[in-house]
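Student: Letter by letter, the chains look like this.
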Amino acid sequence: MRFVDEFREPELISKTADEIRRLAGTERHYRMMEVCGGHTHAIYRFGLKDILPENIELIHGPGCPVCVLPMGRIDDGLAIAHEPDVIFAAFGDMMRVPGTQGSPLEHKARGMDVRIVYSPADALKLARLNPEKHVMFFAIGFETTAPSTALTIMRARSEGIHNFSVFCNHVTIIPAIRAILDSPDMRLDAFIGPGHVSTVIGCRPYEWIAHNERKPIVVSGFEPLDMLQSIVMLLRQLNAGEAKVENQYKRVVPWEGNRAALKAMAEVFELRPYFEWRGLGFISQSALRINDKYAEFDTEQRFEVPGIRVTDPKAAQCGEVLKGVLKPHQCKLFGRECTPEHPIGALMVSSEGSCAAYYNYEHRKAAMVTLSLAG
Amino acid sequence: MTDGLTLDRLTPQPPIAPAATPADAAPTRFRDPQIEMAHGAGGKASRKLVEGLFAPLLYGAAPGPLGDAAHVDINGTTVAITTDSFVVKPLTFPGGSIGELAINGTVNDLAVSGAKAEALVVTFVLEAGLPTQVLEAEVRAMAKAARNAGVRIAAGDTKVVEHGKADQMYISTTGIGRLLPGVTIDPLSVRVGDRILLSGPIGDHGITILLARGELDLEADLRSDTRSVLPLVEALIRAAGPGIRWMRDPTRGGAATSLNELARDCGLGMVLFEDQIPVRDTVRGACELLGLDPLHIANEGQFLAVVSPEYADAAINALSLAPGGNEAQVIGEVREQPAGTVLVTTLYGGSRIVDMLVGDPLPRIC
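Residue numbers (my numbering), protein chains in the order written: chain P, 1 to 375; chain U, 1001 to 1366.
Don't take each hint at face value.
The list that follows gives simulated cross-link-like pairs (lysine-lysine, BS3-like), each with its CA atoms no further than 25 Å apart [said to hold, decoys possible]:
(1) U:K1048 - P:K108
(2) P:K263 - P:K293
(3) U:K1089 - P:K125
(4) P:K263 - P:K125
(5) U:K1048 - U:K1116
(6) U:K1165 - P:K133
(7) P:K108 - U:K1165
(8) P:K49 - P:K15
(9) U:K1048 - P:K133
(10) P:K125 - P:K108
(11) P:K332 - P:K314
(12) U:K1089 - P:K108
Just so you know, the hints here were simulated from the structure itself, not pulled from any lab data. Note that the coordinates shown come from a computational prediction; the quantities given were computed from them, not determined experimentally.
Between the sequences and the hints, there should be enough to build the whole structure, so can you do that?
Tutor: Here it is, written out as structure tokens:
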């Protein structure tokens, strides 16, 4: 398959892995954070840890939009969907995320009109097909998905569709990275930069990480060879004592980003003064809301939103895992109370969440290693 | 796959009625407060429902490994019996329709249990308002599929529910089959070193249905793989009968779920070689786009088999020569570790655990 197989070519992969081992040596420990949940998923799916030397530690970052959404926002969305004649539309990613009274899928089983859509445009199509209902699109995602939400709202305006609104939970990546770097318990050497987000925002917004924080960052693709090559680029910088922004994912990411997408976002959204992130707390200017010009498409302005705040269960250590302070299996609930079938924290729900990825692909392997060491 | 209500597949035959514990006092372990869609999706949740509620109350004992069909002794003759219901949407799709699935599904459940379907009983649940033309087309499809599979429709039943209380039509088929000589299917007979065989490319059916629903703006030249696998199973038994340990048709939940069940039942590790697993490019492409794993996608015309190593070559040769078996592959082998687990290894030395599917596969977008 083109554009995929080239980046999974075994010989090239093992050559690159050799290069990584050579560059990493044995003297030094390297801590690299992959910001994006897609990278977390790829690391586990392709078993990249198996081919990396032990002194390269990959730390999972906050870039899984489902995982950083506070439970209260899900409850808010579901509360609105309880009103008569409302259709709750969301990506498949959201469907198993637990609210206090259950996930959207569980609400659907109890009779709520919940639809899985594959793009915001599909939600708008639902509104067109169901003029007697109100379609609420539960929007999530970083700058990757925000432009398509913006364009859909603009299209709803131009088509004069009135039974459609967006419950906007779009967040922005840079403030989250800043929060991670500001966290006192965080010791990182470098970043594997998010690939999909960067197709929209480009590479320039990361320059402060290199210049001010002196941390190298390489924007990376999602195939095994992409990620390994990015690690090579980071090792070269670290070994040379450099800190630059580099773009490994040039085949997709333009340095300046996607101007049309940014323009659509600027047309429809404005920054919220602050927004709550699961595990990271309130971060100022870290999320988007729909601006007054498009207020009629803003669920939060059209409906009474309860503004539910839910504290995560005390024992759950989602925050520490999200910041990379703890590994998923070091959380007290991991694999016991909290599993993909009965997730307590969102990190266990999305396949991009580090807990679910670790649970699905890795933890029994870890158990095996422990066993064989003990035996 | 049946939903596991095929409990007494191992000899000796347990008593028909639970002897020790009266059914109304039998302990159940199913604690989910309500039935969710996931309980019907063929993965972990389905298994919990069967093992935690159905088995203790209807079977009366902890069931052994759950197979695709039960073996029942009648006056000294053992027959295989199984049942399956079909609720597919849309009713017709590239490569097949609900009628064809209803025949092939039950024929295949019997085939991978080492039995040839002799007779089927059919139940229709129809929604008032269903156009006769639609029904007739499906009945014709069933007649054709039954002829192809060499099975007789012996009896049937029809129920009609109010408009809006069902989605057009549901079909349930129950099949009874004669055991094929020369083969014993038993997950507990699986040994370290055995080879895992797959009859052909996986994921065609599930992805075809996903695309046929028209909710995705994706198009692909792809057809459901629905067919009777009996001819392939017969060819395999002729060539490698004594070496066959286990067979299963990986329908909902995909190959990963079937192999996880086997791993759990026999307590061994199923190690798959990713580059050996046949998957069409269109299926791989769709899975890449949607964040799905082909190993979790449903099939309707493929089966998995575990054979002892000395029979592996003969088995693959026989399958390759049989019509529709030319893409059969050895996709992995049974190892001691990781016990009870399915591990996929890549050519470049990475590996990952592939678990059973939890609920339905949901596309990943953001």
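Student: Give a verdict on every hint.
Tutor: Do the hints match the structure? See the list:
no., hint, verdict
1, U:K1048 - P:K108, "holds (21 Å)"
2, P:K263 - P:K293, "holds (15 Å)"
3, U:K1089 - P:K125, "holds (20 Å)"
4, P:K263 - P:K125, "holds (23 Å)"
5, U:K1048 - U:K1116, "violated (29 Å)"
6, U:K1165 - P:K133, "holds (21 Å)"
7, P:K108 - U:K1165, "holds (16 Å)"
8, P:K49 - P:K15, "holds (16 Å)"
9, U:K1048 - P:K133, "violated (37 Å)"
10, P:K125 - P:K108, "holds (20 Å)"
11, P:K332 - P:K314, "holds (10 Å)"
12, U:K1089 - P:K108, "holds (18 Å)"
The structure fails to meet hints 5, 9 from the earlier list, while all remaining hints are met.
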